[in-house]
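Q: Spelled out, the chains give:
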Amino acid sequence: MSATSTDQQAGAVRHTRQAAASSRQASRRRAHSPVHPRRSAPLTIVMVLMLAYTLVPLLWLLLSATKDGPSLFSSFGLWFGHGFHLFSNIHAVLTFNDGIYVRWFGNTLLYSVVGAGGAALLATCGGYALAKYDFPGRRVLFAVVIGAITIPATALAVPTYLLYSKIGIVNTPWAVLLPSLSSPFGLYLIRVYAAEAVPDSLLEAARIDGASEFRTFRTVVLRLLAPGFVTVLLFTLVATWNNYFLPLIVLTNPKWFPLTVGLNQWNALASGVNSGGALVNYYPLVVTGSVLAIIPLVLAFLFLQRYWQSGLTAGGVKQ
Amino acid sequence: MSDLDTPLRPPGARRGRRTSTSPRLFGLLMFSPFFAVFAFAIVAPVLYAVYLSLFQDRLIGGSVFVGLRNYGQALEDPQLRAGLERVGVFLLIQVPIMLGLALLAALAVDSGRLRWPAVFRIGLFIPYAVPAVVAALMWGYMYGPQFGLIHQAGAKLGAQTPDLLSSSWALASIGNITTWEFVGYNMLILYAALQTVPHELYEAAAMDGAGEIRKALSIKIPGLRRALLLTTIFSIIGSFQLFNEPNVLQTLAPGVISTSYTPNMYAYNLAFNGQQFTYAASIAMILGGVTAVVAYTVQLRANRGERTR
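Top line first, the protein sequences correspond to chains Z and R. The numbering of the first sequence is the numbering used here, which starts it at 1 and goes up by one. The numbering of the second sequence is the numbering used here, which starts it at 1 and goes up by one.
Some clues are possibly wrong.
What the hints assert, rightly or not - Here are some chain R residues the structure puts well away from chain Z; computed CB gaps all over 12 angstroms:
no.	residue
1	Phe35
2	Val46
3	Gln56
4	Ile60
5	Ala82
6	Glu85
7	Arg86
8	Val89
9	Ala172
10	Glu212
11	Gln250
Stated by the list, open to error - Reference listing, derived: stretches of chain R covered by chain Z, where coverage requires no fewer than 3 residues with Cβ under 8 angstroms from a Cβ of chain Z:
no.	stretch
12	73-81
13	146-152
14	281-291
No lab work stands behind these hints, which were simulated from the structure alone. Heads up, the beta-carbon is just placed ideally off N, CA and C, and yes, glycines get one too.
Chain Z on its own, in the form it takes in the complex (with noise of 0.2 angstroms):
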């Protein structure tokens, strides 16, 4: 590619990150502009006691797995009981039953990076050629796909079970891949990221300098999709960590369940569902799993906040 191309390139990513800046000085500016300088004591309040609705049941769960069964019930939920016992639930979490909470961590692991990175990559590339490439059943095939993100995902769980057994892929990791690796929205959110976020004038320049499509797209589209790719990534990510209806139909071997299918199965064991009594030694069990199964995608939506928040203003609203 000529200097001139990879000069122009350059230019339209500086650009981009140039009215990024801006915008965020601008609402910076906005928030501490003179026109509204009062803090508001009844806002505050009201706010606050909505952040104590969200927070103190995370607190609650928290210092519930320093608990041990006996003190879980005995103790005030909102401190701590007799003993420290965080570290040895854990431990009995993860060795419970040979380990097999490690087994179903490392399922949704596998679940949720392969489906929803997958999930991500493709809708990133279909959005990116439906955004900016004139190709034969683009609009109906667009219209196909809008039509499917007001299908309840929960309504086709049990069709999915019925065609998956008679394909025969049932039980397998392939039954709840599939499914995650399609995001009609995600698709639909990167098309209209795309739209704005990649200049026509780049790629026509990229095509007079010779560069192939895909070069562009693996060189300087990609970069530019970033924001919107995270963004798509963050709510995969959820959606396939949370995932709970699809595998619980489609998996009954207990080695491939992901985290929220094992957890209520400790759970219906701890409340004496299924064998007549209850094991509240469980108890500790469900909630200390509970705490780490949290962790990940906690961490996760902290560290990348920058994406999602600018991903949201970008795809999500404007229409």
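Based on the hints, put chain R in the right spot on chain Z.
A: The following block gives chain R in isolation, referenced to the frame of chain Z:
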């Protein structure tokens, strides 16, 4: 962003590219992997469900074509009707409460009158990252009589708390769980939409002496129309699909939450506990149809409202 990058060409100029075949082929190649998976994951199950719903499994004679008889049976099925009514009530009460709270939070975070708005934005959003199963287990334990936080807190304050897992409270308890899970997510969509409202409007309003509340009512909320519509439609779809939370709570309160509590639970139990696969497929189709009709009606009414304004 777009103002800087949009090329200075008339819109029609892009047509020149259509003559070259290579970009067209490339576009098709890039789109087809998505579509292949989409066809396999969504289109095929829908078509298969339509096909199945036209048959009935009989003890004698096996699978028999019955036309629309399954649908006729479903329309008269009191259990399906009760489930649909239940999610209907849920929809009418839970969705407005959740979206109202989300709107309030988005306006508050955007108003500039809070210290550390980012803390509120992120703190309210965190439950979205918690799996529905974990959320339902956590709240279910907190509702419960054994080591439930709510009973403990009530006892400390000397107040009698109701049994939140009883039949009269179960739906409200489920509503609370879904509100907890999604209030921050909806807030974030609305907040993101607020960032696209032009600043000039605020400045003009400030010049006219409009306060923060006036500004919210006459500039911000009208500017959020589309985003509110989007969140409403997503919430409608979510309500009709209700499954995870009642299914998990069923373990904690088996007598209260029946196997046909929501239409989705009914379809699931018909298929996997009753082996009535073809009837379950019809229920799934009806559920999808009802959802699409309600979501589409809301959208249509919203658009008509926009035009008559």
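Q: Which of the numbered hints are not met once you compare them with the structure shown?
A: 1, 2, 10, 11, 12
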